[in-house]
Amino acid sequence: MPEFDKWWNDLKKHRKRLRHWLPHWKALAERIGDGHPLRYFTLCARSMIDVFMLVREGILEVDLSNNSICRVQFCECDQEQFDEIREMIAREDAGFFGRLEQVVLFEDDDFSGQFPTMESISLKLEDEGLQADLPKLDKLLLKQTFFNVKASFPYDCVNLDFCSYYYPKPPGMLHINRTVERFLDWQRRPNDDGTSLSEFVLAVTCKHDSQFPQEAETRLTELIRSNCAMSPEYKEEIEKSRGTARIEDWATRDREDFFFAGWPKDIARSAKDLGWSMEVLDYVYYRRLGDANNEYVIACLVAKFSRANPIRPDVQTALFALKPENRQFISEIDRGSAEGQQLVQNLETIVVLHNEQARRKQRPELPSP
Amino acid sequence: MTDPWQPIYLSAKVFGHLAQGLYRTPAGAIKELVSNSFDADATLVRIHTGFPRFETFSCEDNGTGMSRAEFERLMNRGIGSSYKRSSTTLFTNGYKRPFIGRLGLGILSLAQICTRFELSSHHKDTKVAFRATIQFPAYTRKEMDKINKTPSSAANDEMIHGGQYQVTEERFDPSKQGVRVFTKYLRESFRKRMRGLQHLANKKTFGLSGPYKTFVAYLEAIYGYDKTIQSLNLLSDYDQLLFGLALAAPLPFEDDRNVVTKLPMIRERQSQLRKFNFQVHADNLTLANPVWLPSDRDVHRASQCKLTGSEKKMFSLVDGAAKESCSVIQHRVSVENSDLQFNLYEMRYANENVAGSPLAFTGYLFQQTGRLYPRDIQGVLIRLSNVAIGKYDNSMLIYPYAEGPRYSMVSSELFVEQGFEDALNIDRDSFNELHPHYIRVQSYVHCLLHDLIFPETWSEEKERNKARRDVEAKQREASFVERYRKTTGDPVRSIQRVERQAKSHKVSNPKESPVDFEGRRGEIEIDRGHPLLQPLFRRRKFAPLLEKVVVAFERANNEPNAPRRRELFYKLLGEIFSDL
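Keeping their order, the protein sequence lines are chains Z and C. Using our numbering, the letters of the first sequence correspond one by one to residues 376 to 744. Using our numbering, the letters of the second sequence correspond one by one to residues 1071 to 1650.
Next comes chain Z alone, as it looks inside the complex (with noise of 0.2 Å):
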């Protein structure tokens, strides 16, 4: 039997995507209406619950003539997942082969910066000296990489599920934050008609335990510091709600509250530095243990983007994740209770729609949830 990811029938994980994304998917979808159908950028595993589920919920279309799903796009290192992928979503054109930090966050060095075009790169290319020079090639094939997925944007909805540290050990501790800032730039690009995006979702999910890297959270602490520098309320806040007003004591009484407290304005603040206001929706959290019988906590952000005038301050959103009241906790869920079997039901009427496509596509059928 080949491998799905592990966790792709767990129902908190499940509960997450039927109660904490796809609400805000709908009521975006219904907001941007009938005429323009919702495009959807997601890191979909090989399972693809995400994207079967909006099809099946009718906000991402499928044309039968070939039972191709539309509007949606995934990046993707597995070069065998890759492949599964773009079948299963009958598009050659939906995904993008590589690692989406490393593509995203691709930067010029001496030799690549000389051929800022697609053009001038093709040109390069076609040198068969270069050939041999496998880094400057690699180089040159990810800047076309960085490109294509650039000039794919902007997407109404992003779901960023990236399954490890929001902040990893360095060096690239804040490689997923400079990511998550690109795609905010990247949003701002014009739609095919030529007019600005007004509002997106954006959905990040990442992971804590108690590997933490330290430099997160000294990260983590100057930011909670800056918030209470600009703000008397959330400085207020965590003295009465944390007991004290050292935050180092906090950070390390606390760890795993503390990172929930802090992440949150990185986002906020680079959305504000690129003129979108940033609403938090939802922010949930559930426990897992992983094969080594760790423990460790997936947390998930999501927010609503929009050209709201005045933008609201990057504060009140670090505010929001301050309160513990705001963010709301999955716990375990039995199958056999009501949620359970509700939340079962609702995968497998998913799986069926993920496996007409697999039995289509001659790929493997997920079993049954």
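Some clues are possibly wrong.
With a straight-line cut-off of 25 Å between C-alpha atoms, the simulated PhoX-like cross-links for lysine-lysine are [claimed, not checked]:
#1 Z/Lys-736 - C/Lys-1194
#2 C/Lys-1246 - Z/Lys-381
#3 Z/Lys-679 - Z/Lys-582
#4 Z/Lys-511 - C/Lys-1262
#5 Z/Lys-647 - Z/Lys-525
#6 C/Lys-1262 - Z/Lys-499
#7 C/Lys-1283 - Z/Lys-736
#8 C/Lys-1262 - Z/Lys-525
#9 C/Lys-1262 - Z/Lys-514
#10 C/Lys-1544 - Z/Lys-736
#11 Z/Lys-499 - Z/Lys-511
#12 Z/Lys-736 - C/Lys-1345
#13 C/Lys-1544 - C/Lys-1532
#14 Z/Lys-582 - Z/Lys-544
#15 Z/Lys-499 - Z/Lys-381
#16 Z/Lys-698 - Z/Lys-387
To list a few chain Z residues with every Cβ distance to chain C over 12 Å, as calculated [claimed, not checked]:
#17 Arg-431
#18 Gly-433
#19 Glu-556
#20 Glu-608
#21 Asn-668
#22 Phe-695
#23 Ile-708
Now the stretches of chain Z that chain C is said to cover, found in silico as 3 or more residues with beta-carbon under 8 Å [claimed, not checked]:
#24 383-395
#25 496-508
Because the hints were derived from the structure by calculation, they are not lab data. Built from N, CA and C at the ideal position, the CB exists for glycine as well.
Given the structure of chain Z, go ahead and fit chain C onto it with the hints provided.
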């Protein structure tokens, strides 16, 4: 005593050159991967060309896979000597498919489109999986040739690398059984051709080049029901690649798209190909043999056609001193609700001794009454082990006589059943035209066309054209009579031609009108023997037009009043020309 015969050594550099590109087109190169999958008993090959950006390419099958030992043998001077086929194993184990591969060159075909690729294989028999990265030589042919000029050239030449590779073992996964090839290091020339001409295609031709929803939709666009596409050359390289791949692969026709599937021989082949259970998906399209016959503007489906009669016909095959009497079965093809008539010839040839070895083939030849479009299905295509070798040969294997447009009305496929292998060039895309088997096939086709098919076509065409002209002339005349009646008010029903001079042996009076408007039952009689008309009717081509002009003039001339005369003449003239 020393042997007077000295061995001839080949330069290892030959393989270096091969690694730089053996195939003429990308489809020719990718076809080799498909052939490998066919030989590995795969039931499905998935090809992703990377359309529309062409950033990556992959080809994956679910066949038996390649063992690590076989891979390493190929990499170590094994390319050029396939293990797949021997005198005892002519067919695959699973689906009993005839082996296509012969030399083990398939893996080199990728050099045509990329400089480096990854190959992973999960081998069914050994339950071993491995992943290899293969890099083709970075140097160019020019640089390779320079190696000979170095002092220790002979030694260097022996050591020349066809590239390099590294292998790592992987955990065997039965669900991944087969071979998978992936690359992002596509040659820019490939990308450029695929992407660049897309632009040209959009500008200059028919705006094709995908994405296509289904393969049938692609072919419908190619066969141009809205707009006739004369040649695939007018389309983008991507379109040509899809067509070329589908044509080359051992795939059945779509039944209702090709009238030749009505032949028992082809039905048998179709069923054999289906038993092979082999599918090729390219960019999400399920490929099939892309040849649709008839390829007529008004006839799109085989179900519109009917085989109405068959007849055995003989012709002489002359190949140098060798003379044979051969036969074909000619089937008449009629089209429902149409007077179109096509011909379909069923061919079989077998000879145990053609220059010392047996040669056998079957095939069909379809002959349409109009040109076949796109041009790429005109001519002769030879299939070896079900795989197309090259493209349709529009020259009919270099047919030496001028036959005008008749060439373009013929589409034929020959399926080699025995022999011919040695006539195949190393690229598996062309033939050694001096090979006796090639020459025999060539002679067969030429004699068949020259002695049987084209002469019949000439006379049939003549008759058909004459009949068509007569019908058209009658229609035009009826239309003129109708207009004449309306314009003049005369109760005229038809125009009759007489030659009074000939009939009555009397010379017509040049002073009398050559047209009699008072004939029986409303007929206008034109005396074509009239001395004034005789010189005019020497050119038959213009006779129908002249007749009408004469009628118009004479009728107008009967009017006593000059203005009315003029008016009537010009009105009738207008009616004549409005019909042209």
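Hint check results:
1. This hinted pair checks out: Z/Lys-736 and C/Lys-1194 have alpha carbons roughly 22 Å apart, not beyond 25 Å.
2. Between C/Lys-1246 and Z/Lys-381, the direct Cα distance comes to roughly 18 Å. Compliance with the 25 Å bound is thereby established for this hinted pair.
3. Taking the CA atoms of Z/Lys-679 and Z/Lys-582, the gap is near 21 Å; set against the 25 Å cutoff, the hint holds.
4. Between Z/Lys-511 and C/Lys-1262 the alpha-carbon distance is near 19 Å, which keeps this suggested pair within the 25 Å criterion.
5. Using a Cα cut-off of 25 Å, the hinted pair Z/Lys-647 and Z/Lys-525 holds, with the two alpha carbons roughly 21 Å apart.
6. The hinted pair formed by C/Lys-1262 and Z/Lys-499 meets the criterion: a straight-line CA distance of about 12 Å does not exceed 25 Å.
7. A distance of roughly 14 Å separates the Cα atoms of C/Lys-1283 and Z/Lys-736; the hinted pair therefore holds under the 25 Å criterion.
8. The hinted pair formed by C/Lys-1262 and Z/Lys-525 meets the criterion: a straight-line CA distance of about 21 Å does not exceed 25 Å.
9. A threshold of 25 Å between alpha carbons decides the hint, and for C/Lys-1262 with Z/Lys-514 the separation of about 19 Å falls inside it, so the pair holds.
10. Simply put, C/Lys-1544 and Z/Lys-736 have alpha-carbon atoms about 58 Å apart, too far for the 25 Å limit, and the pair is violated.
11. A threshold of 25 Å between alpha carbons decides the hint, and for Z/Lys-499 with Z/Lys-511 the separation of about 11 Å falls inside it, so the pair holds.
12. Simply put, Z/Lys-736 and C/Lys-1345 have alpha-carbon atoms about 20 Å apart, close enough for the 25 Å limit, and the pair holds.
13. For the hint pairing C/Lys-1544 with C/Lys-1532, the CA-to-CA distance comes to about 18 Å; that is within 25 Å, so the pair holds.
14. Proposed proximity of Z/Lys-582 and Z/Lys-544 is supported: the alpha carbons are some 13 Å apart, at most 25 Å.
15. Between Z/Lys-499 and Z/Lys-381 the alpha-carbon distance is near 42 Å, which puts this suggested pair outside the 25 Å criterion.
16. As the CA atoms of Z/Lys-698 and Z/Lys-387 are separated by approximately 22 Å, the hinted pair is consistent with the 25 Å bound.
17. No beta-carbon of chain C is positioned within 12 Å of the beta-carbon of Z/Arg-431; the least distance is around 22 Å.
18. Chain C leaves Z/Gly-433 outside its interface by the beta-carbon criterion, the shortest separation being 20 Å against a cut-off of 12 Å.
19. Every CB of chain C is more than 12 Å from the CB of Z/Glu-556 (nearest about 25 Å), matching its label as outside the interface.
20. No Cβ of chain C comes within 12 Å of the Cβ of Z/Glu-608; the nearest lies about 49 Å off, and the non-interface call holds.
21. Residue-level check passed: Z/Asn-668 sits 23 Å from the nearest beta carbon of chain C, beyond 12 Å.
22. Residue-level check passed: Z/Phe-695 sits 40 Å from the nearest beta carbon of chain C, beyond 12 Å.
23. At roughly 30 Å, the least C-beta separation between Z/Ile-708 and chain C is larger than 12 Å, which holds for a residue marked as non-interface.
24. Note: the stretch 383-395 of chain Z has 0 residues with beta-carbon separation from chain C under 8 Å; the three-residue rule is not met and the coverage is violated.
25. Counting residues of the stretch 496-508 of chain Z whose C-beta lies closer than 8 Å to any C-beta of chain C gives 7; at least three are required, and the coverage claim holds.
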